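Chains as they are written, first to last, in the working numbering: chain A, 4 to 323; chain B, 34 to 307.
Hints were generated in silico from the structure; no laboratory data involved. Mixed in with the good hints there might be a few duds.
Stated by the list, open to error - Negatives, chain A to chain B, calculated, CB over 12 Å:
no. : residue
1   : 11
2   : 56
3   : 71
4   : 73
5   : 100
6   : 114
7   : 148
8   : 153
9   : 239
Unchecked claim - Derived DEER-like restraints, expressed as beta-carbon distance ranges:
no. : chain 1 : residue 1 : chain 2 : residue 2 : range
10  : B       : 193       : A       : 299       : 34 to 42 Å
11  : B       : 202       : A       : 103       : 29 to 37 Å
12  : A       : 75        : B       : 256       : 53 to 61 Å
13  : A       : 73        : B       : 193       : 54 to 62 Å
14  : A       : 115       : B       : 64        : 43 to 51 Å
15  : B       : 130       : A       : 75        : 37 to 45 Å
16  : B       : 203       : A       : 130       : 50 to 58 Å
17  : B       : 66        : A       : 95        : 25 to 33 Å
18  : B       : 255       : A       : 190       : 25 to 33 Å
Since we're looking at a predicted model, the values are computed, not measured. Where a beta carbon is used, it is the ideal one built from N, C-alpha and C, also for glycine.
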Amino acid sequence: MAYYVLTLCVYVVVATIACWGLNLQFGETGVLNFAYIIFVAAGAYTASILTLGHPTSSGYQQYFWGAHLPWPLPWLAAGVVGGLLGLVVGALVLRRLRGDYQAMVLLVVAIMGAYMVSAAPGFLNGGIGLSDIPSPFRSMLHTSQVGYEVFYLGLSLVAALIIFEVMRRINASPLGRVLRAVRENEAAAEAVGHNVATTKLLVMVVGGAAAAIAGAIEVQFISAWAPASWTYTETFGLFAAVIVGGRGNLLGVTVGAVLVQGLFLEGTVLFPSIGNPELIGAVQWISLALLILIFLWFRPQGVIPERRRRFGNLARGSRA
Amino acid sequence: MPENSTITGETQSASSAEPISATDSILRVDGLRVAFGAVVAVDHLSFEIQRGTAVGLIGPNGAGKSTALKAIGGEVKPTEGAIVFDGTDLAGHPPHAAARHGLIRTFQLGGEFARLTVMENLLVAVPRMRGQSIWGALAGRRWWGAAQAAEVRRARAVLSRLDLLDKEDHYAGELSGGQRKLVEIGRALMARPKMLLLDEPMAGVNRSLARHIEDALKNLREEGLTLLLVEHELGSVERLCDRVLVMAQGRQIADGDMGQLRSRREVLDAYLGG
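Just chain B, with the same shape it has in the complex (with noise of 0.2 Å):
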């Protein structure tokens, strides 16, 4: 990998990445209501994050935060509420718009493309990609054979970093948990992300490997990616997050670090236990 690669696997000289202003907000989140019929999974949630910050969003099971992160991501459609991302309300968009804008989201489970290699899984996320459009494709590889080319280097400098680039020809499905989890973040990096929405990306994966994908979202988040992250491992929370959010029967509690939030009475009994 070239020493001055970027996190999406490109140069200093060829990165889009913005300069970080540290009160610059690209997520807006207000008053989002969730409803399915008369169960509110979401209830009134209002927050703001910071360009290049790591927030973590935590809460028992069934607080609603996967619900508000496929809300942010568009995969669920908002019952009320305004998703301002990077200065455009977003609500109500389908997910590939909220992708297009840059904003990213990862799966808790099976968000791979199985039966593609993994270098595939990464060049599909490539945006505009010459090739992608039907009159693209029939003119052949003459019209999109060098851009591709470079897409594939880019994916390789990816693929290094994650520590998968022997792992480049192999089916996404052929590989562990963990290592599919780890695809999935090389994947949205492809997808040039001014912010990723993690959803549990240490979930059911091995101590070693949860290690090295929170080391790898440290790396991104010392970059200056922008992530709203849903863990239950409190450690890597702690560790990764500069700013935690608390969610409890769809509602917002608290807002804080983990060291003020262990103080907290409310969260203690929604979630912490004591």
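Bound conformation, chain A alone (with noise of 0.2 Å):
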């Protein structure tokens, strides 16, 4: 049971990064970012790949390039290939298109990064994908699967209340309104001298960056990644979370990424099986679908809605 539900945690503190990063670029500034997961990837194969070492001929798995580095740098890494990755598709997507045809061509990229990786073998392992992947002092701690387990959730912990405060600074300062108001009227922001476009891919850069970390962590605790853990269906997790917990509220979204992703999706992966063996990821995905339906229709502002900021007596000296 202790084994499950830190197995739980950890999925759950990597869920909520990713929230994060999804909520700055969707609930903030309103970018429909249906390409997410592969920022999530783009994460978990480069820390694969720098944990993994140099590939060789004779090895049972091949993958372009590959080097064994300490923890933190494959983290850091991630971060930094998730937010050039996010530049790149920004550059690409955002600057000639508007709304829905960003949407359009964001979920058309996820899916053919999918089978661009499937389909060359010797650049990430193809469909196969990566395994053995190094868990962080593991061979240095001489500890239970259990105790492991606590100190990798530590970690994460670590990870996750840094890119907190990053998103929590940005969410509070005048650029966190500038965000704001891109979301609800570019045409509006940008007559008032801001640039839509950079305002974009700004968040493309630091969500991807937020993404490609989550996907880093999750990589070096379950040990194995293939093109079938980032279909284009988990980004639609990810958006219920965002949507379920409030967008645009910090806290909103990390009770989003606990009920959806935590309880909703991996809480009932251990539910025993009942007839056809597909049955249950089947309900899983119907349900999901129908939770985004019934918030946007019913409650569309979220569990905790984004809050109203009041100004008070700041302007007299306090704080607002």
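Could you use the hints to bring the two separately framed chains together as a complex?
This is the structure in structure tokens:
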């Protein structure tokens, strides 16, 4: 039971970090990044090849390059790669397209990404994916499986706290206000001097970095990563968490990640199978889709809505 | 509100308002043409606006007034022509570039940030505010807090002038149409504009609020802000504007004050209807 709970906790931390990044893009800025899962995957693959070591011709898995880097470098590198990917994807998609068209192209990018990795076995071991990915300090800590999971949960929480503080500072700042203005009315934001394309590019970079770090944390915990782990439908699980929790509210998004990703998706994995073995998975996704519809219809602001910013006596010197 | 505050909510000593010369041109539109395929919305429009004056742009529906305003503000790319604003040719520049030069546009409909409070609507427009960059944001409240407090005070002065001070904490989407238009004007003032492009600021607004908007614009004009106004309410145009341009079918057909325009046959035919 302890093993299951700890595993669930790590998954929830990973999902929460990913949801914070998606909240920055979608919840605060209004960017419908349906390719979000490829940023998680980019981080997972980066951390994998940076810990697996150099590939050998006789090895059972093939990848284009590798190294043995100590923690936390694989996580940091994953963040850099996620940010750079955000820059490239954002530059391609955000400057020339608007609104719904951006969303469609991003969805296509996610589908293309998974097919491209599957179709090139020498790049990241194709559809089989990478396995035996080392976990940080595993060989140095002489502890039980449960003990190591407690340790790993601690590492994940440290990363989560740092990312939360970054997101909180952006959310509370004048930049956060500009992001929300872009979400509400792009033409009006442009009309008062804000470059909407550059602003969206910024959140693609920062949100992409957060997603990639989430992927790195996950892959070093589960020790394997393959295209089946990052199908485009996974993105909708993250969107569901942001919508249910309350887009634009970091606390709400955290609650959404716990409810949707923790209890709803991961929490039902260990249910006893009834009838068709694929039934539970199908019911999960159908229920998730219904959950999104119900919230969009009846409570679009989510469980904990975005808070109204009041300035009170700020101008007279006290904190708002 | 401080007694000596200016149109942008700043005190006189801190104001960046420039001295106005009667011959000082702030905007020159030269041969502006906007075509969407075979449809020519604006056809070789040319005019000049002096700093500190208010100019009306009128004409029947489909005359090309709003398209001309969008082209000047950067929202629509001109097919041909020059738009020289304060010495810089802005033709083809994006709207944010025009805004950064001090040319601020308001919208005919839905120009507010609906789920931002009135105060936030105003603060968004503050140019180059501390904390608007990623590094400024990450530096935290100690870096941008004092600058924000100063801008909140300035925004309250602007809201006070527009009789919106009690709406500070309301979401802009909760206000009436006329109040939203006032919020847009307030937001434009927070951007420290040199000139406002106003697209039908009184459209769809009840008579009392329309009068309030008109008074606010009149005060701005009297304090030296340059205005270019597209408006169908001709009484307001007459009271507000020093000069009026008339467009029909994409072309400029007349230029003068309302008294002169009333006697022009082509204007009567195209718009005033006798």
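Tested hints:
Chain B leaves residue 11/A outside its interface by the beta-carbon criterion, the shortest separation being 32 Å against a cut-off of 12 Å. Remark: the non-interface label on residue 56/A is consistent with the geometry, its nearest Cβ contact in chain B lying 35 Å away (cut-off 12 Å). Remark: the non-interface label on residue 71/A is consistent with the geometry, its nearest Cβ contact in chain B lying 32 Å away (cut-off 12 Å). Listed as a non-interface residue, residue 73/A keeps its Cβ farther than 12 Å from every Cβ of chain B; the least gap is roughly 26 Å.
With a least CB separation of 15 Å from chain B, residue 100/A remains clear of the 12 Å interface cut-off, as annotated. Chain B leaves residue 114/A outside its interface by the beta-carbon criterion, the shortest separation being 30 Å against a cut-off of 12 Å. Separation of residue 148/A from chain B is adequate, the least Cβ-Cβ distance of about 38 Å exceeding the 12 Å criterion. Chain B leaves residue 153/A outside its interface by the beta-carbon criterion, the shortest separation being 31 Å against a cut-off of 12 Å.
Even its closest Cβ contact with chain B, about 24 Å, leaves residue 239/A beyond 12 Å, as expected for a residue assigned away from the interface. The hinted window of 34 to 42 Å between residue 193/B and residue 299/A holds, with their beta carbons roughly 39 Å apart. Between residue 202/B and residue 103/A the beta carbons are some 33 Å apart, a value that agrees with the proposed interval 29 to 37 Å. Range check, residue 75/A to residue 256/B: Cβ separation about 57 Å, and the 53 to 61 Å hint holds.
Look at residue 73/A against residue 193/B: about 60 Å separates their beta carbons, and that is inside 54 to 62 Å. For residue 115/A paired with residue 64/B, a C-beta distance near 45 Å keeps the hint of 43 to 51 Å intact. About 41 Å separates the C-beta atoms of residue 130/B and residue 75/A, a value consistent with the hinted range of 37 to 45 Å. With their beta carbons about 54 Å apart, residue 203/B and residue 130/A fall inside the hinted range of 50 to 58 Å.
Here the CB-CB span from residue 66/B to residue 95/A is close to 32 Å, well matched to the stated 25 to 33 Å. Between residue 255/B and residue 190/A the CB atoms are about 30 Å apart, so this pair conforms to the stated range of 25 to 33 Å.
Violated hints are absent here; each numbered hint is respected by the structure.
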